[in-house]
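Turn these sequences into a full structure, and let the hints steer you where they fit.
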Amino acid sequence: KQEVTQIPAALSVPEGENLVLNCSFTDSAIYNLQWFRQDPGKGLTSLLLIQSSQREQTSGRLNASLDKSSGRSTLYIAASQPGDSATYLCAAWTGHGGSQGNLIFGKGTKLSVKP
Amino acid sequence: DTGVSQDPRHKITKRGQNVTFRCDPISEHNRLYWYRQTLGQGPEFLTYFQNEAQLEKSRLLSDRFSAERPKGSFSTLEIQRTEQGDSAMYLCASSLAGLGRVNQPQHFGDGTRLSIL
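Taken in sequence, the protein lines are chains A and B. Residue numbers are given in our numbering: position 114 of the first sequence equals residue 140, and the series is strictly consecutive. Residue numbers are given in our numbering: position 67 of the second sequence equals residue 64, and the series is strictly consecutive.
Watch out, some of these pointers could steer you wrong.
A few chain A residues that face chain B, going by a derived Cβ cut-off under 10 Å, partial list only [said to hold, decoys possible]:
hint, residue
1, LEU45
2, LEU74
3, GLN77
4, LYS133
Quick caveat, the hints were computed from the structure, so don't treat them as lab data. Backbone N, C-alpha and C fix where the C-beta goes; we use that ideal spot for every residue, glycine too.
Set out below in structure tokens:
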């Protein structure tokens, strides 16, 4: 059974700092890995999707990497801003036995960027 | 640009009542997913549709839960005889179908927050 873990559970940094959020998964047979952002009381906003054949994806100040062999993904945020404050969730897309698969989520990292 | 739309945003009801939620996906998306999220947890998969066919259901989807997508467009999630443990945020997502092991990103709505009194 796929389990996704995110460390740390919460992180507080000063504005301008570069930071890394970590995600680990127990079953390396994933189709892809997706990072999301969730603001309080809101739904999820898709940030980056890394296919299993890829090693990383970049969008603006965000860079996500995937190492299937070690069961890890990282989300790197450069030059953090107060507007980056949110909960960041990673989700592994796993399919078995002919299933099209579904997303298995971690519990998230709550990020606070102080001005 | 219309994203995924969910209605209502909030629902408060007494234990034992039935509730129904609606999700309107992004118009060209043929896949639609339902998730449940409780406080401090990540979303948990409930079920998904490709067009009008319900292709997968989680064991979390007890017999009190039923989901439909009759015309392959909007979907409804009904909970019968609600219980305290049903209190959660119910999230809907949609995507295009991928090819083989290549998946398309899921796009989420803002959810329906259900509170059982």
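**Request:** Report the numbers of all earlier hints that the structure fails to satisfy, in ascending order.
**Result:** 1
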